[in-house]
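Following the hints, put chain F in place on chain W, whose structure we already have.
The chain contents come next:
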Amino acid sequence: MSRLRTTTYLAAALAAVGLPALADPLTVSNWDGYMAADAIDSFNSETGNEAELVLHATNEEIMGKLIASKGVGYDVVFVSSPFAEVLNNLGLAETLDHSKIPNIQNLYAEANALEHDPGNSFSVPYAWGTTGLCYRSDLVDAPSSWNDLLKPAEDVAGKTTMLATDRWLLAAGQLALGYSVNETDADKMAKVRDLLIDAKGTLLAYDDTTFYAKLVSGEAELVQAWDGWCNYGIGENADIKYMIPEEGSDLWVDTMVILKASENKDAAYSFVNYILDADNHRWAAENILYKVPNEAAMAGVDASLIETFPNMGMKPADMLGFEQLRDVGEAQRDYSRVVSEIKAAN
Amino acid sequence: MTTDRRPLFLMTPALLWLFGLMVVPCLLILALAFFRRGIYGGIEYTLTLENIALVFDPLYFQIFLKSAGIAGLAAGIACVLGYAAAYAIAAMPRRHQPMLLFFAVLPFWSNYLVRTYAWIVLLNREGLIVNLARWIGYEGELPSMLYTESAVVIGLIYNYLPFVILSCYAPLSRLNPDVAEASRDLGASGWTTFRRVTLPMTVPGIATGFVFVFVLSIGNFVTPALLGGGQFQMIGNLVYAQFLTANDWPFGAALSMVLILVMLGLLIMQATVAERASGGRTRADG
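Going down the list, the sequences are from chains W and F.
Going by the numbering used here, the first residue of the first sequence is number 1, and it counts up by one from there.
Going by the numbering used here, the first residue of the second sequence is number 1, and it counts up by one from there.
Chain W with its partners taken away, still in its complex shape (with noise of 0.2 Å):
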């Protein structure tokens, strides 16, 4: 009897320590809010699996973890189509075999030919949009030019942001003045480098995160935003209205990447062909609002969803039309170099 009840906890203790170890978990990164929140418990309970997720605030963070670890203790990261191209120069990025994520063609042809990654080798777009302006309808005229936030009538001055991180940042510049969004010249950037100053002069604040409820309250009238993030705002209030200024949008695409240092492989494509399952990615589009590169995800998202909010009608064609960011390589440091000089101008 107590030899029985000796194994018994013997073996209770066992599968207590044992069990974790052998559930294999697979530890995937996003941004807060970027999947829908019941997305890794339905992939769990649909493939067996034991994901976690962790966040990142920002892509330098998982990019900081990332290179210090060299890829190791994660499997599936979200990140931006130029940070995704660092992990592949890295030599971080796994190679993908597409025949592990049969869902890969659910994708719009558009969305296998993007610069940073034609053919989708070693990312996986997972959504993708513009950086326009937002506005207030209702209290200002509808903006034509990214001049209208850079040298902002006398009554929208004070109340326009642009946001903080430094791409998007000189973007606004770079497309005000007809440059690349990726333009590196010295000369070319230090014109940047003044237009933004000048504006800088007029704004309220650089601010990446809370533009949108800064419109809602009318504490600001018109900023700088990526569309999927103008539609929280819309969403709270309709006068709310997203535009492309007329010298155009970057096109952005926020992807998915395996690490070649994950020891979940077989999990991790798993993980990701799940995402790119069309009633999947139909719901994340649905609880993001951001648009997703996925036709056949988009073919079922509620045309009521369209009406409220228009940038997630946008046409994949018409999007391509627009330069995606990438990497710049050793300019990112004259890039940090511009911003700093713009931040610390009075």
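Worth flagging that the hints you see were computed from the coordinates, not collected in a lab.
Note that the Cβ used here is the ideal one computed from N, Cα and C, for glycine as well.
Any given hint could turn out to be false.
Each pair of labels, with its calculated beta carbon distance range [unchecked claim]:
no.: 1; chain 1: W; residue 1: Thr308; chain 2: F; residue 2: Gly76; range: 51 to 59 Å
no.: 2; chain 1: W; residue 1: Asp185; chain 2: F; residue 2: Ala84; range: 55 to 63 Å
no.: 3; chain 1: F; residue 1: Ala84; chain 2: W; residue 2: Asn89; range: 55 to 63 Å
no.: 4; chain 1: F; residue 1: Leu100; chain 2: W; residue 2: Asp239; range: 20 to 28 Å
no.: 5; chain 1: F; residue 1: Gly137; chain 2: W; residue 2: Ser42; range: 52 to 60 Å
no.: 6; chain 1: F; residue 1: Val80; chain 2: W; residue 2: Glu263; range: 54 to 62 Å
Once the Cα atoms are required to be at most 30 Å apart in a straight line, the calculated DSS-like pairs of lysine-lysine come out as [claimed, not checked]:
no.: 7; chain 1: F; residue 1: Lys66; chain 2: W; residue 2: Lys188
no.: 8; chain 1: W; residue 1: Lys65; chain 2: W; residue 2: Lys260
no.: 9; chain 1: F; residue 1: Lys66; chain 2: W; residue 2: Lys151
no.: 10; chain 1: W; residue 1: Lys241; chain 2: W; residue 2: Lys200
no.: 11; chain 1: W; residue 1: Lys315; chain 2: W; residue 2: Lys241
no.: 12; chain 1: W; residue 1: Lys315; chain 2: W; residue 2: Lys100
no.: 13; chain 1: W; residue 1: Lys265; chain 2: W; residue 2: Lys100
no.: 14; chain 1: W; residue 1: Lys65; chain 2: W; residue 2: Lys265
no.: 15; chain 1: W; residue 1: Lys200; chain 2: F; residue 2: Lys66
no.: 16; chain 1: W; residue 1: Lys100; chain 2: W; residue 2: Lys65
no.: 17; chain 1: W; residue 1: Lys191; chain 2: F; residue 2: Lys66
no.: 18; chain 1: W; residue 1: Lys70; chain 2: W; residue 2: Lys100
Leaving out everything else, chain F in the frame of chain W:
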């Protein structure tokens, strides 16, 4: 060997803690400052002094000076306000003092971010202060109070004021009332007594409070980000940016090292002031 080893034994856990979690990371940061940044972030292990040189580049050095200016202003105002509050508390009947001190430190019970956000609610263009002014009948356009340098200074003062109250209260409450009385008996006015007796004896408390606020402010990056609207950088924001957005850890490390040296210098000065003042007081007491 008959030395009593108990003090050493008792100190070991704290020393290990400090060494492992304070000294070692600081040394790592120090070492990092002398390497080159890899093209994609990361670190290239070739020795260089260029990061240290870059700290003294006019662009970045100007941010240093600006941060010191803001921190100095916040510390100065906090000292005036804090000293006055501490003086008033110390002048109250002794049984009320613990309660008043409790009120002074009460804000510390809430989160720093929450306290800072509260200022956004108060100061923004559609915020409580503007609405209150409108309610009273003010109709003109009010100047924007939020996302300015003043908002940052206000936020820093508010958050660190309790430190000054506590550090000034300590010497004020220990003052022997007979000394001030003697000064008045000898014909000094109330102001002269304060200026020539009370103030000099409480300088260490002011110095401690000043250095505390200054050191905490100059490295602060949350308050400038939230109340400054990201429109100007303090040195803390610059360090933050090097580690988290520019991925230039070596330069971030170099900036941190210079900042740590500045703070260390100030703390040593403060310790010297305290040492001198307490030496002076011992002689006076004797």
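So, going through the hints one by one against the coordinates:
1. W:Thr308 to F:Gly76: 51 to 59 Å: Because 53 Å falls inside the window, the suggested range holds.
2. W:Asp185 to F:Ala84: 55 to 63 Å: holds (57 Å)
3. F:Ala84 to W:Asn89: 55 to 63 Å: holds (59 Å)
4. F:Leu100 to W:Asp239: 20 to 28 Å: violated (50 Å)
5. F:Gly137 to W:Ser42: 52 to 60 Å: Taking Cβ atoms as reference, glycine 137 of chain F and serine 42 of chain W lie about 57 Å apart, which means the hint holds.
6. F:Val80 to W:Glu263: 54 to 62 Å: holds (60 Å)
7. F:Lys66 to W:Lys188: The given pair, whose Cα atoms are some 28 Å apart, holds under the 30 Å limit.
8. W:Lys65 to W:Lys260: It holds: about 15 Å lies between the C-alpha atoms, which stays within 30 Å.
9. F:Lys66 to W:Lys151: It holds: about 27 Å lies between the C-alpha atoms, which stays within 30 Å.
10. W:Lys241 to W:Lys200: holds (23 Å)
11. W:Lys315 to W:Lys241: holds (18 Å)
12. W:Lys315 to W:Lys100: holds (28 Å)
13. W:Lys265 to W:Lys100: holds (10 Å)
14. W:Lys65 to W:Lys265: At roughly 20 Å apart (the allowed maximum being 30 Å), lysine 265 of chain W and lysine 65 of chain W satisfy the hint.
15. W:Lys200 to F:Lys66: Given that 30 Å is the threshold and the Cα spacing comes to 18 Å, the pair holds.
16. W:Lys100 to W:Lys65: holds (27 Å)
17. W:Lys191 to F:Lys66: Roughly 25 Å separates the two Cα atoms, so the pair holds.
18. W:Lys70 to W:Lys100: holds (24 Å)
Figure legend: structure checked against the earlier numbered hints; the only hint not met is number 4.
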